[in-house]
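Peer 1: Protein chains in written order, with the numbering used here: chain A, 1 to 119; chain B, 1 to 185; chain C, 1 to 139.
If you are wondering where the hints come from, they were derived from the structure by calculation, not from laboratory data.
One thing to keep in mind: the hints can contain errors.
Said to hold, decoys possible - Looking from chain A toward chain B, a few residues come up when the C-beta cut is under 7 Å (computed):
| # | residue |
| --- | --- |
| 1 | Phe20 |
| 2 | Asn28 |
| 3 | Leu36 |
| 4 | Gln40 |
| 5 | Val43 |
| 6 | Tyr47 |
| 7 | Ile77 |
| 8 | Val96 |
| 9 | Ile110 |
| 10 | Ala112 |
| 11 | Gln113 |
| 12 | Ala118 |
| 13 | Leu119 |
What the hints assert, rightly or not - Anything over 10 Å on all C-beta distances counts as not near chain C; from chain B, calculated:
| # | residue |
| --- | --- |
| 14 | Val8 |
| 15 | Arg15 |
| 16 | Leu16 |
| 17 | Val39 |
| 18 | Val43 |
| 19 | Phe60 |
| 20 | Arg71 |
| 21 | Leu88 |
| 22 | Ala92 |
| 23 | Ala93 |
| 24 | His103 |
| 25 | Tyr104 |
| 26 | Pro110 |
| 27 | Leu120 |
| 28 | Ser134 |
| 29 | Leu160 |
All residues carry an ideal CB built from backbone N, CA and C; glycine is no exception.
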Amino acid sequence: MQILGLYNYWIFIVLMMCGFYVVISRGNLVKKLVGLNIFQTSVFILYISMGKIAGGTAPILTGMATIYSNPVPHVLILTAIVVGIATTALGLALVVRIHEAYGTIEEDEIHAQSEDEAL
Amino acid sequence: MLLSLLVVTALAVIRLRDLFAVVMLFGIYSLLSASLFVVLDAVDVAFTEASVGAGVATVFMLGTLALTTSREKTPGAHKPLLPLLVVLVTGAALIYGTSDIPHYGDPGNPIHQHVAPRYLEDSAEEIGIPNVVSSVLASYRGYDTLGETTVVFTAAIGVLLLIGGARRRRRSEEPPRPDREEEDA
Amino acid sequence: MQQYSVPRLITKLLLPLILLFALYVQFHGDFGPGGGFQAGVIFAAGFVLYALVYGLDNARRIMPPWLLRVGVSLGVLIYAGVGVAGMLLGGAFLDYGVLDSHDPVHGQHLGILLVELGVGITVASVMISIFYAFAGRGR
């Protein structure tokens, strides 16, 4: 129980770190955004799993159940998902503009082009 | 089982170079996490994640790929060792931090003691609708939701400002395409 | 996509169901899982499907961009307007209990319904206009 009680959280941290690794080690901007989204989704799962009560059910009051899981993280994450897709779309729009301006979405090539211009 | 599938998907995203496959895997990842949300009793969240992550987000990313390129270049200048070290240190710190987190599913956790019981017990009389998530979302936490709607609104304005207008010619030697200009976008 | 008849037919069959389901999710969100955010995204997904199969121009004819721009701001305006209406009727901002003079619970019902409607309109219009922006860019 000592181990099992925290096992879930460790898996979520592994998932977060996968996303984080993609963000900091890859130069491709679209892949960075995918990594950021994986990171984000893992944080969502972490929050939702904190709201779970063993033996509980979904927080819809039907009168048949006595234990409900905590609805507060659900509300928080519900709105966060929609805000997340909106900001992701903004990021993708920036990627499209960067591709139009530089002709590439690789980070190091963009840096090289900017340095060439500065010289 | 679901957790191991999630981990496999995330590792595949790291390994693959074909961005089309990466985006598709992200859709699968969203769908898997939506099923995990159902297991964790968050049906509303699962609903949102399935429609947003697996549906609309994938379409937006594919749209971006269609406008740019669908192949990632092999990293030459990037050394994987330093990012790996950073990730390992961060992950170790976070796992050390979980030793103070209360156990999964325990009804005595601090998160279940503060406002949640009040919402669950009183919202039937105060709001009168069965779905507690809806009543907290729209009524008890109405300010939050107003703010988040405004964020979505602002993001749309940003996207439309960035790529909504008529397309200008790229700096490279691409020929102009005057016949395909959008008059209204 | 113009020459494939199977996707066109399936889309024609599915589209009313998707839009109807979105409306169901929108207005049944008080009782089951659902609400403005989900309904807006599902509604937008239906239009994205239509635009993918039948072409962007046909989709623009049905849901013109000016209507979307109105919708984006109308949703936020409805939400804030409900809050201001509560203030004018003597309550606090976003206090729905005063919207019905007889029974605060009915007022809460009405307020939540309107607020979710505002959220749904904004989210649907935002998603469709972002899709138009991406799709219109590549031509």
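Peer 1: So, for every hint listed, does it hold in this structure?
Peer 2: The hints, checked one at a time:
Satisfaction of the interface hint for A/Phe20 is found here, the shortest Cβ-Cβ separation to chain B being roughly 6 Å, below the 7 Å cut-off. Interface restraint check: A/Asn28 against chain B, minimum CB-CB distance 4 Å, threshold 7 Å, status holds. Interface restraint check: A/Leu36 against chain B, minimum CB-CB distance 11 Å, threshold 7 Å, status violated. With a least beta-carbon distance of about 10 Å to chain B, the hint placing A/Gln40 at the interface is violated under the 7 Å criterion.
Checking A/Val43 against chain B: minimum C-beta separation of about 11 Å lies over 7 Å; hint violated. For A/Tyr47, the interface hint is violated, since its Cβ never comes within 7 Å of a Cβ in chain B; the closest pair sits about 9 Å apart. Proximity of A/Ile77 to chain B holds as hinted, the smallest CB-CB distance being about 5 Å (cut-off 7 Å). Interface hint at A/Val96: satisfied, since its Cβ lies 5 Å from the closest Cβ of chain B, which is below the 7 Å cut-off.
Among the interface hints, the one on A/Ile110 is violated; its C-beta lies about 12 Å from the nearest C-beta in chain B, farther than the 7 Å criterion. Using the Cβ-Cβ criterion of 7 Å, the hint placing A/Ala112 at the interface with chain B is not satisfied: the shortest such distance is roughly 10 Å. Taking 7 Å as the C-beta cut-off, the interface hint given for A/Gln113 is violated, the closest approach to chain B being about 10 Å. Given the 7 Å rule on beta carbons, the hint for A/Ala118 is violated: about 15 Å separates it from the nearest Cβ of chain B.
For the restraint placing A/Leu119 at the interface with chain B, the shortest Cβ-Cβ distance is roughly 17 Å, beyond the 7 Å limit, so the hint is violated. Every CB of chain C lies more than 10 Å from the CB of B/Val8, the least distance being 27 Å, so the non-interface label holds. Distance to chain C confirms B/Arg15 as a non-interface residue, since its nearest Cβ pair spans about 27 Å, more than 10 Å. With a least beta-carbon separation of about 23 Å from chain C, B/Leu16 lies farther than 10 Å from that chain, consistent with its non-interface assignment.
Here B/Val39 stays apart from chain C, with its beta-carbon at least about 14 Å from theirs, past the 10 Å limit. At roughly 4 Å from the closest C-beta of chain C, the C-beta of B/Val43 falls inside 10 Å, breaking its exclusion from the interface. Non-interface status of B/Phe60 relative to chain C is broken: a Cβ of that chain comes within 10 Å, the nearest being about 6 Å off. The beta carbon of B/Arg71 sits about 17 Å from the closest Cβ of chain C, which is more than 10 Å, so the claim that it is off the interface holds.
Consistency note on B/Leu88: stated as away from chain C, and its beta-carbon is indeed over 10 Å from all of that chain's, at 36 Å minimum. Every Cβ of chain C is farther than 10 Å from the Cβ of B/Ala92; the closest lies at roughly 36 Å, confirming the non-interface assignment. Against the 10 Å criterion, B/Ala93 stays outside the reach of chain C, whose nearest CB is about 34 Å from its own CB. The beta carbon of B/His103 is kept farther than 10 Å from every beta carbon of chain C, the shortest such distance being approximately 27 Å.
Distance to chain C confirms B/Tyr104 as a non-interface residue, since its nearest Cβ pair spans about 23 Å, more than 10 Å. For B/Pro110, the condition that its CB be more than 10 Å from all CB atoms of chain C holds, with the nearest at approximately 27 Å. For B/Leu120, the requirement that its beta carbon stay farther than 10 Å from each beta carbon of chain C is met, with the minimum near 16 Å. At roughly 5 Å from the closest C-beta of chain C, the C-beta of B/Ser134 falls inside 10 Å, breaking its exclusion from the interface.
Look at B/Leu160: its CB is around 6 Å from the nearest CB on chain C, not clear of 10 Å, so calling it non-interface is violated.
Hint violations for this structure: numbers 3, 4, 5, 6, 9, 10, 11, 12, 13, 18, 19, 28, 29, all remaining hints satisfied.
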